[in-house]
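**Student:** Okay, here's what each chain looks like letter by letter:
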Amino acid sequence: MEQSNVFPVYSSEVQRRFAAPRRAGRIERGVQARKVSSSRHAELLLQLVLAGGRVAEARFQAVGCPHLIAAADLVCERLESMPVSALEGFRAAFLEQELPLPADKLDIRILIEDAVRDAARQLN
Amino acid sequence: MTDNTEIIYLDYAATTPVDPRVADAMMACMTMDGIFANPSSVSHSPGRRARDVVEAARKELADALGVASRTIIFTSGATEADNLAIKGFAQARSAKGRHVITDRTAHKAVLDSCRWLEKQGFDVTYLVPADEGRITGEQLRKALRDDTILVALLHANNETGALNDLVELCDAIGDHPAALHIDAAQSVGKVAIDLANQRIDSLAMSAHKLYGPKGIGALYLRAGSAPIEVQQHGGGQESGMRGGTLATHQIVGLARACALAVAHRDEETARLRELRERLWAGLAATGGVLRNGRAEQTIAHILNVSVSGVEGESLQYALHDIAMSAGSACNSANREPSYVLRAMGRDDALAGASLRFSLGRWTTPEQIDEVIRRFRQAVGRLRELAPQ
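Sequence lines, in order, name chains A and B. Quick note: the first sequence uses the working numbering, first residue 1, plus one each step. Quick note: the second sequence uses the working numbering, first residue 1, plus one each step.
In short, the hints are calculated from the structure, not lab data. Please read all numbers here as calculations on a predicted model, not as lab measurements. By construction, the Cβ of each residue, glycine as well, lies at the ideal position given by its N, Cα and C atoms. Take the hints with a grain of salt, since some may be wrong.
[As the list claims (entries may be wrong)] From the derived model, a few chain B residues whose C-beta atoms are all more than 10 Å from chain A:
#: 1; residue: A68
#: 2; residue: Q120
#: 3; residue: F122
[To be verified] Looking from chain A toward chain B, a few residues come up when the C-beta cut is under 10 Å (computed):
#: 4; residue: A24
#: 5; residue: E43
#: 6; residue: G64
#: 7; residue: P66
#: 8; residue: L68
Bound-form chain B, shown alone (with noise of 0.2 Å):
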């Protein structure tokens, strides 16, 4: 290992560079010849001309989603709007019922606001994955009970990458009153959401897992859903869903990095699953190395792999000139074993001996080749050092 090494960067789920593209927009509203003023100071020109930037950028992310315009609340990113969303439709609806549904390996921006809910005394069902990290329809028929007021999943696992069929789940809720939250941070852009499906009642997404500026999100809000309770007050923005100056440039990176992810999606997924697959071939030749999650059930750029016979954090330290995630990048401060992973089904050094290769837009055959060169370097060795 040398510190000259060069760093082969696949923790795209963790986080995305901003495409040029994508920054060039944002520039055009960060300086004083540029688009700058407050969007809500409309009673002059320069905040008008702010107003309507905003307006044009929630018009351009709303097409590209294929939602109207009205239907999207601009938040700081996919943790705010997971936040606004199962807070906001518990509360609202807590004289209906107090029973809320999540997945037991769901992001923490959900599970987090789940837990939250149940210290106000809801009675919260986590449900273990079923099927290669996903949750069926008959697992959520199953779990649905008369005073279930809230399902909260998410569309594609952070961790393992495993997709949820929204399909399928919205059939199992059909017609219960139940709202539906979608967690979509990991898809929006890579995967097709049919938001006409009038079972999902809200979805969160983040622009900074698709070439956007971190700091930014949005909250898809069903036109005619129930009401939420509104979770940050002040100033009466995003017509007082939200309170906060709206961000104009982060705003029109978000749209503008959601319209290009969506144009060039198919394309895309196509080459990253191709290049993904390369990549798990070239791991698995190694020996010893388990997949998490099925090939045709995991959005194209996500691997996790379990390495067997190894340690986990020797594994990670002998892999750091790759930037990769160790299970969730949440969870690698404390260093536990990933709890996606042990929820289905590995064993404590299993799941502390994951990684998560996640792929993108920069990513090229030539640095998945060698991240396999250096990935049968590093096993090679620990294996070689350990107990014959």
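Looking at chain A on its own, in the form it has when it is part of the complex (with noise of 0.2 Å):
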């Protein structure tokens, strides 16, 4: 009477940054930027601490599906390092290689884009 369930594959790399997700968490200070996705249930802080014109430190809080969080810790990693002035043009493409994102979560990417532009526009 009923199928069986159909659970989503998870890439290694998915399961790896799910699991541990290393730029987890919350700091005291820096800019954040808030998003919350109006097609799933999804919500990403994103904070960005800078020193001498680069993020020194990234970090995200997320309500979320594993990819979101995944993601979220692999754009987290990315920013650090990043001038600032290459934040407000930023795009991860590279989640579609590193990860990859199914095609039906492709909103997740632009959640995070939207996130990190936003935390732009407040240093500018």
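Now that you have both chains on their own, put them together as the hints suggest.
**Tutor:** This is how it looks when you write it as structure tokens:
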């Protein structure tokens, strides 16, 4: 009467970052940008601390699927050491290769990019 | 999370392992030295033996349900039984009316059959549960019309375990001529069902929910009930009600599974209820966990909870070393929030972060305690990740 559960397949990168996201957490300084998805149960809080014109620390907090958590962790890792000047045009195209995101979750990339650009606007 | 962690199975409402006693009975009907012949081949002795075994199993099943053997039609499962009853009653009675009543939170086998009837021009009313997932007699009474020909409801909801009161529903229908069909896939062998109540015209059941094999079920069709239109033709088996070679081994398995379940029903129900409440107490202590359905109105082996502050897919993945359902198994593939919980008033976030634990014959207190430990760890970690 019932079908077997079809469980999403997560890449080893998604599994690894979901299990132990090194950039998860809160820092009590810097700028923050909060984004809430309108199409899924997802919320992202991004925090950036600057030093010498570059991102010194990037952290995130999130409610969302494993892909969101993994993507946020990877993006924060990439943001560190990035010059502030590069933030406003930030694009997370590398997520397509490195995670990757399923086709029905490309909105997660947009959510993260919007959060980064929001944070960049606060720095200007 | 590690792939070496032992998986704890708490998805008995999705399916159950076959009880070894049932498997033994089935094996006797499979190989060359067993009872393998076609039960319709009565021109030779192996066929007649197979026929006799089928009829003995039919009686075993009928006795367990407290009904006459002639009221049992074997099908491939409860889904087919639902289709046969719902479409069969509607088509046979269409000259008397074209209104059907069902429950918005019913299993897809019932809902999709009703939606098919809508495409054939029938008018279907989908009742919304008024009382923590249950349909009340008052709701049913108000929905009945002069042209209602069929009421199709679940006994126990497969997602939440909410138990409809069959006596109350039968009283609500009273003398109205509409047929009453009950999908009892989750409740046969677990809750006493009084089929002597003449208001129940038909009942669907499935073997694999009660430690029997997959691929076999039955439709109880009350003796003297108005005729139904046959849905599967070919061969004339089951007195012409359902064509197709009878699977002796599966029929034996269904009957034996049901007989065993009924024989041990009361003690097993008490044991599972105690384990379920132990599980609920442990999960609730985590905080922000809502119970979907009331304990005293829910079938003993099912616990459905919604977890606040976490997202459903992450919750399920974080607990992937527990075999359970996030909502209905039938809906897990498309990641939509449970339609049953949404109909009960849960918002999309809570409906999406719901878990159905269903306990069974091999569930132990130690497993329950370990599930509680893993749940607290997973929920705690996900909530720590959330924006504060």
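**Student:** Starting from the hint list further up, note which numbers the structure goes against and sort them upward.
**Tutor:** none
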